[in-house]
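Enquirer: Chains as they are written, first to last, in the working numbering: chain A, 1 to 312; chain B, 1 to 357.
Derived by calculation from the structure, the hints in this document are not laboratory data.
In this text, a Cβ means the ideal position worked out from N, Cα and C, and glycines have one as well.
Be careful, since some hints might not be right.
Capping the alpha-carbon separation at 30 Å, the derived lysine-lysine pairs in BS3-like fashion look like this [unchecked claim]:
{"#": "1", "chain 1": "A", "residue 1": "K119", "chain 2": "A", "residue 2": "K147"}
{"#": "2", "chain 1": "A", "residue 1": "K119", "chain 2": "A", "residue 2": "K232"}
{"#": "3", "chain 1": "B", "residue 1": "K227", "chain 2": "B", "residue 2": "K248"}
{"#": "4", "chain 1": "A", "residue 1": "K46", "chain 2": "A", "residue 2": "K232"}
{"#": "5", "chain 1": "A", "residue 1": "K119", "chain 2": "A", "residue 2": "K282"}
{"#": "6", "chain 1": "A", "residue 1": "K119", "chain 2": "A", "residue 2": "K143"}
{"#": "7", "chain 1": "A", "residue 1": "K63", "chain 2": "A", "residue 2": "K298"}
{"#": "8", "chain 1": "B", "residue 1": "K185", "chain 2": "B", "residue 2": "K162"}
{"#": "9", "chain 1": "B", "residue 1": "K326", "chain 2": "A", "residue 2": "K183"}
{"#": "10", "chain 1": "A", "residue 1": "K143", "chain 2": "A", "residue 2": "K232"}
{"#": "11", "chain 1": "A", "residue 1": "K292", "chain 2": "A", "residue 2": "K46"}
{"#": "12", "chain 1": "A", "residue 1": "K147", "chain 2": "B", "residue 2": "K326"}
{"#": "13", "chain 1": "A", "residue 1": "K63", "chain 2": "A", "residue 2": "K232"}
{"#": "14", "chain 1": "A", "residue 1": "K147", "chain 2": "A", "residue 2": "K169"}
{"#": "15", "chain 1": "B", "residue 1": "K248", "chain 2": "A", "residue 2": "K232"}
{"#": "16", "chain 1": "B", "residue 1": "K185", "chain 2": "A", "residue 2": "K298"}
{"#": "17", "chain 1": "A", "residue 1": "K298", "chain 2": "B", "residue 2": "K227"}
{"#": "18", "chain 1": "A", "residue 1": "K147", "chain 2": "A", "residue 2": "K282"}
{"#": "19", "chain 1": "A", "residue 1": "K63", "chain 2": "B", "residue 2": "K326"}
{"#": "20", "chain 1": "A", "residue 1": "K63", "chain 2": "A", "residue 2": "K46"}
{"#": "21", "chain 1": "A", "residue 1": "K291", "chain 2": "A", "residue 2": "K147"}
{"#": "22", "chain 1": "B", "residue 1": "K185", "chain 2": "B", "residue 2": "K336"}
{"#": "23", "chain 1": "A", "residue 1": "K147", "chain 2": "A", "residue 2": "K63"}
{"#": "24", "chain 1": "B", "residue 1": "K326", "chain 2": "A", "residue 2": "K143"}
{"#": "25", "chain 1": "B", "residue 1": "K162", "chain 2": "B", "residue 2": "K227"}
{"#": "26", "chain 1": "B", "residue 1": "K248", "chain 2": "A", "residue 2": "K46"}
{"#": "27", "chain 1": "B", "residue 1": "K185", "chain 2": "B", "residue 2": "K248"}
{"#": "28", "chain 1": "A", "residue 1": "K169", "chain 2": "B", "residue 2": "K326"}
{"#": "29", "chain 1": "A", "residue 1": "K292", "chain 2": "A", "residue 2": "K282"}
{"#": "30", "chain 1": "A", "residue 1": "K63", "chain 2": "B", "residue 2": "K336"}
{"#": "31", "chain 1": "A", "residue 1": "K232", "chain 2": "B", "residue 2": "K201"}
{"#": "32", "chain 1": "A", "residue 1": "K232", "chain 2": "A", "residue 2": "K147"}
{"#": "33", "chain 1": "B", "residue 1": "K227", "chain 2": "B", "residue 2": "K336"}
{"#": "34", "chain 1": "A", "residue 1": "K143", "chain 2": "A", "residue 2": "K169"}
{"#": "35", "chain 1": "B", "residue 1": "K162", "chain 2": "A", "residue 2": "K169"}
{"#": "36", "chain 1": "A", "residue 1": "K183", "chain 2": "A", "residue 2": "K292"}
Stretch-level coverage of chain B by chain A, calculated; a stretch enters the list once three of its residues show a Cβ under 8 Å from a Cβ in chain A [claimed, not checked]:
{"#": "37", "stretch": "67 to 76"}
{"#": "38", "stretch": "126 to 134"}
{"#": "39", "stretch": "274 to 282"}
{"#": "40", "stretch": "318 to 328"}
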Amino acid sequence: MKKFLIAGIATLMGTSAMAENIGVSMALFDDNFLTVLRNGMIDQGKAIGVDLQVEDAQNDVAKQLDQINNFIASGVSAIVVNPVDTSATQAMSDAANAAGVPLVYVNREPVNVDTLPEKQAFVASNEVDSGTLQTLEVCRLFKEAGKTEANVYVIMGELSNQAAVVRTKDIHDVIGGPDCGVKINILDEQTSNWQRDQAQNLMTNWLSSGAAFDGVIANNDESAIGAIQAIKAAGIDMGSVVIAGIDATQDALAAMQAGDLDVTVFQDAAGQGAGALDAAIKLSKGEAVEKKVYVPFKLVTPANIGDYLAKN
Amino acid sequence: MSTTTHGLGGLKYDPSRRARAPEWNVFFALIGIVLIFELVGRIFMGDSFLFNTRDNVDAIFNHQRLQIIILQVSITGIIALGVTQVIISGGIDLSSGSIVGATAMVAMSFAQVAMVNGNPNPKAIFAAQGWLDLPVIVPVMVGLGCGLLAGFVNGALVAYTKIPPFIATLGMMVTARGIAKWWSKGNPISFPTDSYAAIGKGMMPVVIFVGLAVLFHLILTYTRYGKHCYGIGSNEQAMRMSGINVEKSKVLIYVIAGLLSALAAIVLSSKNLTAQAGMGVMYELDAIAMAVIGGVSLQGGRGSIIGTVLGALIFGVIISGFTFLKLDAYYQEMVKGVIIVGAVVLDQWRQRGRGRG
């Protein structure tokens, strides 16, 4: 009932003023990352004076499609969708396209991303960037320490997960490419399934082999923190090793402030939300937008950590 | 099924049957696996699995590896102690891993510090209530309370509604995982007090695991409760006819299993300095596998704590051995599965031989 009232009021306001009216369907509200994204979008909407109607699909594909059809029926000027299921986006694209309403997907890459119709786009961060930024910074730190050759361990996320596969590939690409400038040998690479506990055990097992190493590159912060806990337990000086993660979680930032974590990468959730809204508005005004808009990942180091403490 | 229980006669306790303890076979398997890793390591890696090969350390064994072998299985091992009792009594507990997740979340939220690096704790759950920097006894008791409650529900469902333990604990598995996710809406809970962090620090998980293993070995061997576990598992009807309150015993068995899962959650979240809704996923299966490898029969009535501890050690040796040999991550799970099934097949063959003899 409340939803209908809000929808009704929003429609009234939308028609009375000639302001843009954007419908937003989020996959779910109670996800930390998606909440930051949603708030980023709402803040951007307030800043530029656009009416937003944000709905929660509660992880239900059917409900999301209904919401989109309702948006179309109530005459919104554009729709932003954070897809529940990335393989179920074709129907959404078709519905919006048939009605001539612009549609922007945010954060999760739709299955039809390469065949999106006119007036549709995808806004997210390019997963390839995260592992690349991370590994390049590790290279730089090794160079700064005056090393020409370094041994590292690689902790991978869940082997079946696309992000883990891409991030691990990035590590190999940077190490094997011309940009690193330091010869990096991977002593071993194993999975921790994104879990801190498994990373901790894995690192302790590696330490028990006694091989000298200069750093650990992990696919996510939780794994990097697990490695840190194991290395500290073994009494190794954290200043002598480089530890790199991805995500810039609060735990990771605390570890960085404590001087344990050296590198992490921030995925700009609020930036993606704002970017999606901007793209939707441009499309509704008939302006051209790239089919894939990438909001850059950002490198977080002890030098700029202050900018990120309040962000995730 | 009939061959394994053939001739045991329910409550009849025949000391001569236990003279050749099956635990010895598990022990020999453990030694065998260690030898294989030692041999393969020497031949292909030019390094020793167990012995110290570093010049800068003066020791016979590689202490660090010996420690991690047991450290990495001690938390699932604590769970396996409870699972062993459940399986011996003819039941099964699929909910342990989810109880770990839910308990870790709830307990950790009562163990948080107020300030992190000079800033207010960004993950504080009860900041508004001011429940921060509480004495360590609070999260521990709250955590154990969660385990007790979950175990009681499991036990009561199994004992009084008569639904199969598989279904009752499957329900708890799904529900408890739901609670773990709902508690903080999926957000991790971090930054515990120093006193809470001390519970799982260093080799403490091993100390707790070994201490509890000794305790429950004595309980299962020498107390009436222990005899009831074996009795219910081998012949529940006979137990009932002997006037034993089977229902009460069953509830107690599941309560103990729930408490041990909760304790594992406290140790795990303390060791990791964080609680996450996904913690403990698949732990129930690892715990069951440890018990089964250790000779605990899924048909009930047979098995021991010593066997389960040996089963846990085999698990630990395999994990460390794989990493030692730098076996590709993709192969590790495949091989692990083969070893679990292989251990049970060997055990079945051995049992069949014993049954005929």
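Enquirer: Output the indices of the hints that this structure fails to meet, ascending.
Expert: 1, 2, 4, 6, 7, 8, 13, 15, 17, 18, 19, 21, 22, 23, 26, 27, 30, 33, 35, 36, 38
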